[in-house]
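Using the sequences and the hints, build the whole thing.
There are 2 protein chains.
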Amino acid sequence: MDWKPHVAVVGATGAVGVEMVETLEKRDFPVGKLTLLASARSVGRTLPFRGRDHAVTELTRESFRGIDIALFSAGGSISKEFAPAAAAAGCVVVDNSSAFRQDDSVPLVVPEINPQDIPGHRGIIANPNCTTIITLMALYPLHHAFGVTRVFASSYQAVSGTGAKAIEELQGQVRQIASGQPVTREVYPHQIAFNVLPHVDVFLDNGYTKEEMKMQVEGRKIMHHPAFRASVTCVRVPVYRAHSIAVSAEFSKPLTVEAAKAVLAKAPGLQIVDDPAARRYPMPLDTSGKYDCAVGRIRQDVALENGLCFWVSGDQLLKGAALNAVQIAEELVRLRR
Amino acid sequence: MDWKPHVAVVGATGAVGVEMVETLEKRDFPVGKLTLLASARSVGRTLPFRGRDHAVTELTRESFRGIDIALFSAGGSISKEFAPAAAAAGCVVVDNSSAFRQDDSVPLVVPEINPQDIPGHRGIIANPNCTTIITLMALYPLHHAFGVTRVFASSYQAVSGTGAKAIEELQGQVRQIASGQPVTREVYPHQIAFNVLPHVDVFLDNGYTKEEMKMQVEGRKIMHHPAFRASVTCVRVPVYRAHSIAVSAEFSKPLTVEAAKAVLAKAPGLQIVDDPAARRYPMPLDTSGKYDCAVGRIRQDVALENGLCFWVSGDQLLKGAALNAVQIAEELVRLRR
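Residue numbers (this note's numbering), protein chains in the order written: chain P, -3 to 333; chain L, -3 to 333.
I should point out that these hints are in silico values taken from the structure, not numbers from a laboratory.
Beta carbons: idealized from backbone N, C-alpha and C, even for Gly.
Heads up, some of the hints might be wrong.
[Unchecked claim] With beta-carbon atoms standing in for the labels, derived distance ranges:
#1 L:41 - P:23: 17 to 25 angstroms
#2 P:-2 - L:168: 47 to 55 angstroms
#3 L:176 - P:176: 53 to 61 angstroms
#4 L:223 - P:176: 21 to 29 angstroms
#5 L:181 - P:221: 36 to 44 angstroms
If you want it as structure tokens, here you go:
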């Protein structure tokens, strides 16, 4: 008989948690039973799943008895506190936070790239950073074919990456500006409406933010490519959903635009949207709500010898978070067959 | 007696033209007489200058008799049609369009960088592309000190760069979305509200847009640096005013963040805004309406040997257009003394 795991979603009422529940349903994941966990604050709320409202229950260290797979998206401190307990209870944790990504005993997985790392888990599997996942969806197939050495990248990141409150903040500021009221803010240190902030995540000693360094740090681990270098500037833009990244990538082998497109056309989870004459290129408005990432503006880089410039966009709540986590869970089911 | 030139502003009612008139007044430019020129459509409109309304008159080939300096900002085709006639009539044209920028007989000038090119003009001086000017305000002083070889850059460009109609389009779309109406568009090929478009200017055969290649093409001419390479992605963002650019720059000499900051601190027209701990970095909302550009997020580039990563923001209607043109006119006045 097929395995129908008991699945828990931790942080079920957050921006990513809601997408996790929806993705489990839409992809027909073989959920035997679904448990929705969140902080005491969210108890009393329900989420629909397969036509029935499911109540949110309070997350405790006892929550994981009998649960097979737990998808965590409640922030790093919750993961640090509860994921080891969940793993000790026999549950496999797929953790969307950055808490365990650099732990050598924790696989960091994009299923299209390194599914082979999943079986080595010891109870926790980490979901990579959203901007890193979306970039690698286009970069990894090119790396596989041409050997990437380094990238220079800039991101255009949507507010939903910060959570539901950031969506409300952008909406609120737009309303305040329209009615001539003073702009208030709580989530971001500066107005985000009609502005851009070169500031995502905390600043590190080297002047980069943690988010910016994730591309290199997580990219190395996911691609098994310790020499990979990435210089990134991460920028928050007044877009509700889907991140975009402009990339200049250098390769060890020569490549043409045609050869790159042939590689990208075969890449799973990726659509080529690249017809400038018809004004077709990836945009966050188009990739919002989509499982596939989109790559376009593919061109020979004028400042690199073996270089390619491209633009990739993807829904950071889906492929950048919930979908990737559910895909990892799907691999876990496949491995049990 | 000091020269008080008769100044014409061509395209006076456009987004940049209005700023030119205001900048002439604010900087106390020694205007002897001011003539506002535009298409027949704008005749009847007036602009305030030194406390008095000035009428807009129709641009014709006869408009330039007796005019000493003409600031053009009415698009490339108007410049091509009228600038040579103006120059033939003895007027010095400062042209904000791209029409003559690559003409060997036309100096392409950022007064803080290459004022020495102005005296060689033959009646026309070109104002560079806005994104290029703003980037070079930080890049050139670094080049002067450390010798730039190439840059990788991504832009975050405001809608006012497209003109007054684009501002209305963004405002209109925001209103339509707020009231649940369908989004209409005329200026941009796609919705710009809550979206980003990796498309500024027309596409070239090499896959870059013309705007993207301007950084290299114009940068070479302005910096007198024919080997300079620039790989750029230009992106329109839902910001009303001021462009921002994320830059990774490679230099021929080694440099430290401290040495770079010491150079940038002395650069004219540039403010260092770089205190991440206090959440201070350049933002378009802060540089809007300012003459100076702002540079921040200055850090050693992790993917280059002698590299620096930085973020620069500036008002593209002012330093990127009107202010730079008026500064060139100021140099013309200085040369006559």
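Hint check results:
{"no.": "1", "hint": "L:41 - P:23: 17 to 25 angstroms", "in the structure": "violated (59 angstroms)"}
{"no.": "2", "hint": "P:-2 - L:168: 47 to 55 angstroms", "in the structure": "holds (53 angstroms)"}
{"no.": "3", "hint": "L:176 - P:176: 53 to 61 angstroms", "in the structure": "violated (21 angstroms)"}
{"no.": "4", "hint": "L:223 - P:176: 21 to 29 angstroms", "in the structure": "violated (51 angstroms)"}
{"no.": "5", "hint": "L:181 - P:221: 36 to 44 angstroms", "in the structure": "holds (42 angstroms)"}
In terms of the numbered hints stated before, the structure departs from hints 1, 3, 4, listed from lowest to highest.
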